[in-house]
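Student: Chains as they are written, first to last, in my numbering: chain A, 1 to 470; chain B, 1 to 768.
Note that these hints are calculated values from the structure, not bench results. A portion of the hints provided could be inaccurate.
Unchecked claim - Derived DMTMM-like pairs (lysine to aspartate or glutamate); straight-line CA-CA distance at most 25 Å: (1) Lys29/A with Glu105/B; (2) Lys224/A with Glu662/B; (3) Lys683/B with Asp156/A; (4) Lys2/B with Asp87/A; (5) Lys29/A with Asp252/B; (6) Lys441/A with Glu662/B; (7) Lys15/A with Asp18/B; (8) Lys661/B with Glu82/A; (9) Lys683/B with Asp87/A; (10) Lys123/A with Asp165/A; (11) Lys15/A with Asp87/A; (12) Lys661/B with Glu442/A; (13) Lys35/B with Asp436/A; (14) Lys108/B with Glu221/A; (15) Lys590/B with Asp252/B.
Claimed, not checked - Simulated coverage check for chain B against chain A, where a stretch passes if three residues somewhere in it have a Cβ under 8 Å from a Cβ of chain A: (16) 457 to 466; (17) 525 to 535; (18) 631 to 643.
Heads up, the beta-carbon is just placed ideally off N, CA and C, and yes, glycines get one too.
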Amino acid sequence: MIKFILNNTPISTDKHSGTILLDFIRYHKALTGTKIGCREGDCGACTIMVGDLRNGQLHYESMTSCLTPLGNAQGKHIVTIEGFNGDGLTPVQQAMVDEGGTQCGFCTVGFVVSLQGFCLSSKPQTYENAIAAIDGNICRCTGYKSIERAAQRIVDHLGNYKGQDKMNWLVEQGYLPAYFKTIQQQLETLKAELPQPITPQNGALTPVGGGTDLYVQRPAEMRKTAINHFLDQNELKGISRKGDNIHIGAACTAEDLRSSTIMQEHIPNLHAFMKLVSSTPIRNMGTVAGNFVNASPIGDLTIFFLGLNASIVLSGVGTKRTIALKDFYKGYKQLDKQQGEFLEEIIIQVPQQPIGFNFEKVCKRTHLDIATVNSALQIKLSGDTIIEAHASAGGVGPTPKYLQNTCNFLKGKPLTEATIQQANEVIQDEISPISDARGTKEYKRLLLRQLFYAHFLTLFPDRIQLAQLV
Amino acid sequence: MKNIDSNTHVRGESIYVDDIPPRQGTLYACVFDSKVAHGHIEALDVSKAEAHPDVVKVVTYKDIPGINEIGGIIKDEPLLAEKEVHFQGMPIAMVLATSEHSAHEAVKRIEATIKAHHPIVDPREAHAKGELIIPSRTFRLGDSENAWDECAYIVEGSAESAGQEHLYLETQGAYAYPTENGSIRISSSTQGPTQVQRTVGAVLGLPMHKIEVDVTRLGGGFGGKEDQASAWATFVALGVYLTGKPVKYILDRMEDMRMTGKRNPYVSDFKIGLSNDYKIIAYQAEYFQNAGAAADLSPAIMERTLFHSTNSYFVPNVTVQAHSCRTNIPPNTAFRGFGGPQAMFVIEAAITKAAEEIGVPASVIQKANLLKEKDKFPYGQPAGGNEAVDSWVRAEEKYDIKALRAEIDAFNQSNQLYKKGLAFMPICFGISFTKTDMNQARALIHIYSDGSIGISTGAVEMGQGVNTKMVQVAAHYLGVDPSRIKIETTNTTRVANTSPSAASATADLNGKATGIACNALVKRLTGAARKKLGLSEQAVITIKDEFIHVDGQQTELGWEALVQFAFLERIALTENGHYATPTIHFDKEKEKGHPFAYHVYGTAITCVTVDCVRGRYEFDYVKIAHDFGSSMNKIVDLGQTEGGLVQGIGWMTMEELMYNKEGRLLTNALSTYKIPDIYAVPKEIEVDFLESDKENMAIFKSKAVGEPPLMYGIGAYFAIRDAVKAFNPQAEPPFSAPFTPEKVLMGLYDGKANNVESVPVGAVKAKG
Ligand SMILES: Cc1cc2nc3c(=O)[nH]c(=O)nc-3n(C[C@H](O)[C@H](O)[C@H](O)COP(=O)(O)OP(=O)(O)OC[C@H]3O[C@@H](n4cnc5c(N)ncnc54)[C@H](O)[C@@H]3O)c2cc1C
Ligand code: FES
Ligand code: FES
């Protein structure tokens, strides 16, 4: 039995846990406000809000229902547009109407739901955050300007909030129907009733994190697959620091990573890097571990963590081993992973002195796109000498690539333009890009060279000059 | 007035085809399509699909009762392949099953053995092999051949623009059910209800009156549902015919992208000659239009390419020739601009190339050649109500072009890693269907006895706000509050023989028809008022603000009372208005005439910042002075301008359609075909409403706004080029749109990159 609250209605269903939540909403519950634009997480027309208790606090996040398995709704509050509608228009809806933020209307519900979620969120309610909330929503009609104006209006209106009980205030101001005030209580009761989730090591089940890869690749099969929905297991959640190590649980999503203060301390530019990864709803769903196991040669998080020289802990039935992430990849989508082994956690070392770390990604569209080439570099200097370097690159071979030869080459070299140019030659020898829809192989070679240069131009702007490199 | 649909849109209560509650017994269709671009079907085995427990029927061409033909302009496109397949994605069979999932599952079980022939994807190859959809056409003005001698500068080159996927957020689809006596009612996501009705009738062998097509609204169309919605509606209607059950088919995104046509890619050659003072003396162009595997609307699109070959410039000697080339990709079709943008890209490329060779900014040549009042287009029509120069000057002054340029120069001086580029993009776009007979429309108005009003027209609402404009028109003429007026669905039983909602002309044509119907009703109602109030023939009676006015004075007699009175007096409260655009004509023999009711003008200034390390770019601003005539709805018109511009920028920058040599679409999903997201649009879009009281034939003199702004997006290409050249003056990036980050980076390091070969380019780029 899967139990959750859909808008203002408790749901208890024996449908397969792999059923797509969007289908459940539209076909089984006949709530047609939620639209289907792509079924790939790429348009946001199907966006819903998902409310969950975190450390006793009710917290809402946007997700794309087209990639969400029903099992991931367990114990949550799922809100569709119908669950936000009141007698009149909410200030969000009114702003969209007043600014002409809707033309054909097909994308509109997704935008409204995302913006409603922004109003509910505990993030600072700035214009930038309002736009970030809709960065997974595509509109083909408006050119977004009217939607930006609507977002500004909403931000202005939210400025009237002066620290009262937020939920009460939102209800009073007409943002939310009154039933929202009962959700916290209802979820507490519901959670208490739910059975404990199954153990992660159950190798008979397919692990599904956010489903953002699996439900794009094989949705029909997933509707019938026996699934390990591990996201809600407490012991797999969270990011913690133990001594010189940071531990990241399997249930940690890209958004958890982004908002982690531990990670931000380690990587001050984390927000800017993560803005380049998918979109807000997809980051709310997709796990770091899922990105590793999916083994896409251009997985951003994989390239990112290869640059951090991460290790992973794999647990099987009665076994547990730790390996370097770079040793995980054996060939195209081939992993050093036994059938049934589960990626339990990710570990990175935090050195005593500050490190230089940079992440670069270029795609056809800067945001919400898969990289043509991406790359990360971690570098440690002693004076002018490079004493340690970890470089990675995606999109230039069959696997996410740890640039081993390049790292070896850099070690002990002086930090000069000549070193960087020579290192590029090593790179060009150890990569093997192919031409595809994302770019020709010649382009990918040039692009990686440029991104490699960009690492140094970004990390050492005073020492390294572009004109000396090209 | 705000878009009348916006309240239901923001609440998720607007109804699209997929939202219609399914009727009991509904079957779901799914099409099996060719995986081979060109070939001969040797065997088709549907038995495994038929064996699927949920499958009711597998349909092939043999089941078609009428003719197996859906071509609009030319009868060259079967609904279902018989022996030959002409593109990957060509429908071969249709499964009807009791659920959507089962229909998809069953399609995977169908096996076709197809002997592959050589596929053509390059329009030049098609042209060389004589594969033309229609005979080539040429427009001429003056004598370009003999004008070269007069030119101080002559520049030749090629330019190409890739196709563009419409990416309406709502995919194609239709839902049909049987009604009495063998009739069928179809809800279709189409811009052309009559085209659907006609096509279904022909395929089923039924008269048109047995086919009712109803359209509530579209989740976007952009031309992609002008002709190409017909196939899907025909499939479901055929399903209904064969099974007697309701049948629904909503394409999933990948089916839609794979099976439907797009904006035509073009490859073109140009030659341009200028005088010492930068006047264009002569211009020649040869356009190779990639039509895809069937005519669809390509012949008409090709015609508009010729019409817009000189954009908003006057050129005394012009020879432009266009070829519609048959290739083995899905039949391409209408897309906002309809061949016009493709032509404009070529002349802008020619001007830019000339400017680069002469060593002046392109804007100097552009400005020197703008159309003056009554200058003739190559097709003979004079440029009347001309705002070409006005809009340019307005843009320069209002946005202080000197300051903008100074800012860019200063930035480029002080930055090594980033460079800015700027481009002007003037536009001129003709309004009317170029096929004169299509310029007609009707409106049916009912005034109900309680005073409420229902209006049906041939206009299809797809986000362009046409229904809102119809309310404004009727409220104005009838003198009532807009809240009294309801716009009904577009339905072939209420308004017949309609032209599709296209060519930016929908509001004009249907608005004028609505106005005509309103005037007839007002005439009858004021006659009734005269009787009721006992007024003489001399009294001037009008209806305003819901009340009857006599000689300008408001009376006690209100709208509702008057309607009630008129009804009891047995006065007809229903009217059908018919409008046909006057004065337009075109002679295809001579290729001369007066095809357009009027033209729309404007000028955009685009500024981009290119990241010269990574090859990415961001648009700082697009500043526009646009000729709206006298805008009747600024919210709607601004939305069309911003939305059109961004679509144009998408076409010029990131939207890259790629087919491989086998004719397979590589960018076949939203994950690989990228349209602008919120971070990709210009940081600032400024639109100046160039209001003009010059006469024009638009409804309320509010000029059509659907298509023209898209062409401002062409400025994006030239702004990027300007920035690339600021970084690398030796760069010679080919005139090849879209200007993807790949082409930008290759351009930035053209001649600088060690061991990097240059990218081969083609409007249809062969990869993999
Ligand atoms: C619209 C969209 C945009 C995207 N953009 C990006 C992007 O910019 N950059 C990028 O890198 N990726 C992107 N992705 C891909 C995807 O979001 C990421 O790869 C994500 O991190 C996958 O995590 P998940 O939890 O959703 O994986 P799932 O789909 O749940 O799982 C992926 C695979 O990993 C396995 N798996 C998951 N967890 C475990 C575990 N703990 N142990 C063992 N096996 C496990 C699953 O069985 C499955 O085989 C995008 C996806 C979408 C839909
Ligand atoms: S349908 Fe497009 S994101 Fe879900
Ligand atoms: S309003 Fe049409 S897609 Fe956004």
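Student: Going straight from one Cα to the other, do Lys683/B and Asp87/A come out at no more than 25 Å?
Tutor: Distance ~36 Å between Lys683/B and Asp87/A Cα, so the pair is violated.
Student: Against the 25 Å threshold, does the CA-CA distance of Lys224/A and Glu662/B hold or violate the hint?
Tutor: Violated, at about 35 Å.
Student: Would the hint linking Lys29/A and Asp252/B be met if the CA-CA limit is 25 Å?
Tutor: Given pair Lys29/A, Asp252/B holds - Cα atoms ~21 Å apart, limit 25 Å.
Student: Sort out whether Asp252/B lies within 25 Å of Lys590/B, counting only the CA atoms.
Tutor: 45 Å, violated
Student: Checking one constraint from the list: CA of Lys108/B to CA of Glu221/A, max 25 Å. Satisfied?
Tutor: 13 Å, holds
Student: Establish whether the coverage given for the stretch 631 to 643 of chain B by chain A is satisfied; the threshold is a Cβ-Cβ distance below 8 Å, and no fewer than three residues must meet it.
Tutor: holds (count 6)
Student: Lys661/B and Glu442/A were given as a pair; does the straight-line alpha-carbon distance stay at or below 25 Å?
Tutor: Holds, at about 19 Å.
Student: Is Lys2/B close enough to Asp87/A, meaning Cα to Cα at most 25 Å?
Tutor: 20 Å, holds
Student: CA of Lys15/A to CA of Asp87/A, is that 25 Å or under?
Tutor: 32 Å, violated
Student: Holds or violated: are the alpha carbons of Lys683/B and Asp156/A at most 25 Å from each other?
Tutor: Judged against 25 Å, a Cα distance of about 20 Å means the pair holds.
Student: Please verify whether Lys661/B and Glu82/A have alpha carbons no more than 25 Å apart.
Tutor: 47 Å, violated
Student: Are the Cα atoms of Lys35/B and Asp436/A separated by 25 Å or less?
Tutor: Distance of about 19 Å is within 25 Å: holds.
When held up to the earlier numbered hints, the structure conflicts with 2, 8, 9, 11, 15, 17 and fits the remainder.
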